[in-house]
Each structure stands twice: as structure tokens, then as C-alpha cells.
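Chemist: Chains as they are written, first to last, in this note's numbering: chain L, 95 to 342; chain X, -6 to 178.
Everything labelled a hint here was simulated from the structure, so no lab data went into it.
Please note that the accuracy of each hint is not assured.
Partial chain L-side listing against chain X, Cβ under 10 Å, derived [claimed, not checked]: (1) F153; (2) F266; (3) L319.
Just so you know, even glycine gets a beta-carbon here, dropped at the ideal spot from N, CA and C.
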Amino acid sequence: MRSPRQRSEPTEHGGYRRDPEGTHPPLDSPSYRSTVLRHPKQPLILLPHRMTELTGPVFGEDRIGPVDHDLTRQHAAEPQGQRIIVHGRLLDGNGKPVPHSLVEIWQANAGGRYRHTGDRWPSPLDPNFDGVGRTLTDARGNYEFITIKPGAYPWGNHDNAWRPAHIHFSLFGTAFPQRLVTQMYFPDDPLFAQDPIFNSVPDPAARQRMVSEFDLARTVDHWALAFRFDIVLRGSAATPFEDEEHEA
Amino acid sequence: MTELGSTPAQTVGPYLAIGLPWPDGPYATVEDAEHAVWIRGIVYDGAGVPVPDALVETWQADQYGRFASPADSNEVATGFRGFGRCPTDLEGLYGIRTVRPGPVREPDGVEQAPHIDVAVFARGLLHQVVTRIYFPENERANAADPVLTRVPMERRDTLIARIGPDGYRFDVRLQGAGETVFFDV
Ligand SMILES: [Fe+2]
């Protein structure tokens, strides 16, 4: 995605650290066919971080409804499927929690079907499941959703292609370069090996950061399984330098 | 200090429309704000075909160059959010209701020409692409802008909005002839 020449340029007056090569998928990832006509062919131009990139929108409680974090309570009855708690911390690359920050999710139902007119695969919709959630992280950067485990679904990218079960996540952090849309996966999914979207992340260690952990301690007896998914947004480059100065 | 590796980006996929659009998403400022305009445009793929499953997000200063963010200590204009979000429709069209931003004065004294940061998400984009909207009225400021001057002269016009019937027009070409300039943020 970026050339070494561009990466060697310094980050001006305290921007956000640039991620190492291999952290994010290259936009040109031909095994995911939809990238073929949608990836830019010209090189990206380095954008130094100025005011527009050192700031970002902040959203409050007014954007969140009372059951937005609980996807099992948005209808008259509960949805079909395995009830799960999905929780974790939103951190920046310096290990600092990101408090009071908007987290948005969307997902398929237990059978792998999305409530979207474009999704026509023959698995039934669930009248009690929309598959959309929203919450704010708390003062320590923690978030929690209650939902059901999404099913895998076929998608026609290649012969007998199936997406591993996943939940789409959207995060803001506090500045424009921290904006992240990703997917959370479940541990040990046998569908990983054939999925070009999961495998589009070149660095295997980075790829594993998209896989949630089964969290026995947070399961609730006779009620729900639990998965932990910590999310890391880019860290500010300014902070470590400032700390070093103070420590010196 | 521990440095943690970032969580990788993944595509929004084809069903972003169930999770990301908000009823008030396109309103970076309130509908009836003074000098409010629409910025409209079509997102095209490399075959020149409109992209009906994209999402455009915008982030900008108000008409006085102030950001609605805790990192900017100045008050913004009333009703100004500075953030817009709009999915493309079946014709690939998006629209953001906003005001033309003012120039942004940086702590180091540099002045940026009025501009809007834009992120585009879509099925087939494994990571958002980022571009900027500049304005045709600001020819002199554009010529001195610290970001625009990094862009080869012959590609700069892909970043300059055109005057439209109720504001501005800014198309995004993801690939091919007239490809929009995208930035490594
Ligand atoms: Fe999906």
C-alpha cells in the first residue's frame, strides 16, 4: 500500500504512528475479486498529520438507544441461536484506553443471513434479529454487546466460498487517522484457510488480532458464552517523545 | 511504554447499509445553517460503473476553521458537527449537507486552504481510501496549501470540487482514467 520511501518521512508535530507494512490488507488483493476494479492504481500520497488529522468527531449517549448494545432484546421475542457476550477494550497503540468512544457492529443471524435486501441466499431471516448494535466504551475503554453467534455464509467469490463467522466492527477513536472498520472472527474457525478476506492481512500476527478469544470467566451459567475482542487503534507518536523528555 | 500493534482493517462488505447509515448521517451541519450547501457526487469503479455499496464519510472545520473536537479548544458554530456520513444509492450517489470550511491555521503558523477530509468505504475496499475536497473559489490558497502542493500538478484537479446546482459536486474515481488522488494517512 505504501512505498518505503514514503514511510521513511518523519511524522510532523505529533501525528499518529504509521502501522508497519503487513498490518493492513493491500487494497489490491486479487483473490478477493471485488478489489479488482475498486483499488486505486496510482501510489498513495503521504498526508502529514495536521489539525484535520489530529481531531475527530465525538459522539455521546444521545446516539445510543437503551437496547442498542443487546441484539437479543430488540424485538418481542429472542432471536434463534447461541447467545454470546462479546466484550473487550478499545485501546490505542500506546496501550491507553479510549474512553466514551462509539462502537458500532453489524452481523448475520445464526443461519448466516443478513437483514439486507441484497442478501438472497436460502437461509431464513429471523423476525427477532436485526443484527445491528451500538454502544460507547466506558471510562476505562471497555465495551460489551449481547448477541447471538453469527453463522457462516456463502458468497460466490470462488468455488464453494464461505465467509468464516464474523461480526463487523466500526470504531472512531479520537482522531481521523484512528478510524477503523474491521471484522471480529471466532477462534479456530476451519473456514479461515479458504477465506481471502481474512487472509488479505499479510502479517500472520496482525491477522490473529482479528480473532476473538473464548472467555470462560465471562460466560454466564445457563445463559451465555463469552468472547473477548480487544481492539487497538493507532497510537499518537507525540506521547512517547513527551514522556521521554519528562523522564530525562 | 508498550507499543501495541493495530487491529487490521477489513472491508465493510456488501451489507454495510444495515449497520452504518444514520438518519442524520449526511448532516455535518444542521439543515438550515447559514451558508449550508450540499456536496454531492458519484463514486465510480475502474470500469466507470457507479458503486452502489459505498459509504462516504467527511471530517472538516467550520467556516472559521474550527473543529468540533476536544483537541480544538475553540467553540464551533452552532449546529455544526463537522462529521458527515452517507451511503451511496443505487446510482452511486452520495450527498453531505455542510458549510464550506474556512482556512485552518496550524500551530506552526502554516495555513491550510479550506478542505474536507474524506474516507470512502466499500465492498471490495479492504481498507478505507482517504482523499480531500478543496474548493474552486480558493485558487490562491490552494496553490500554497501544504498538502495539495505534494500532489503532482496534473492530478490536483481530482481534489477540487466543482460548483453544483445546490452547492458542490465531487466525484470519486477509485481507479483508472481521472483516478482520484488518495492519501496515505
Ligand atoms: Fe459480513
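Chemist: Give a verdict on every hint.
Modeler: Hint-by-hint comparison with the structure:
Contact between F153 (chain L) and chain X, as hinted, is supported at the beta carbon level, the nearest pair being about 9 Å apart and thus within 10 Å. Of the supplied interface hints, the one on F266 (chain L) holds, with its beta-carbon coming within about 9 Å of a beta-carbon of chain X, less than 10 Å. Hint on L319 (chain L) is violated. Least Cβ distance to chain X is approximately 22 Å, over the 10 Å limit.
Checked against the numbered hints given earlier, this structure breaks only hint 3.
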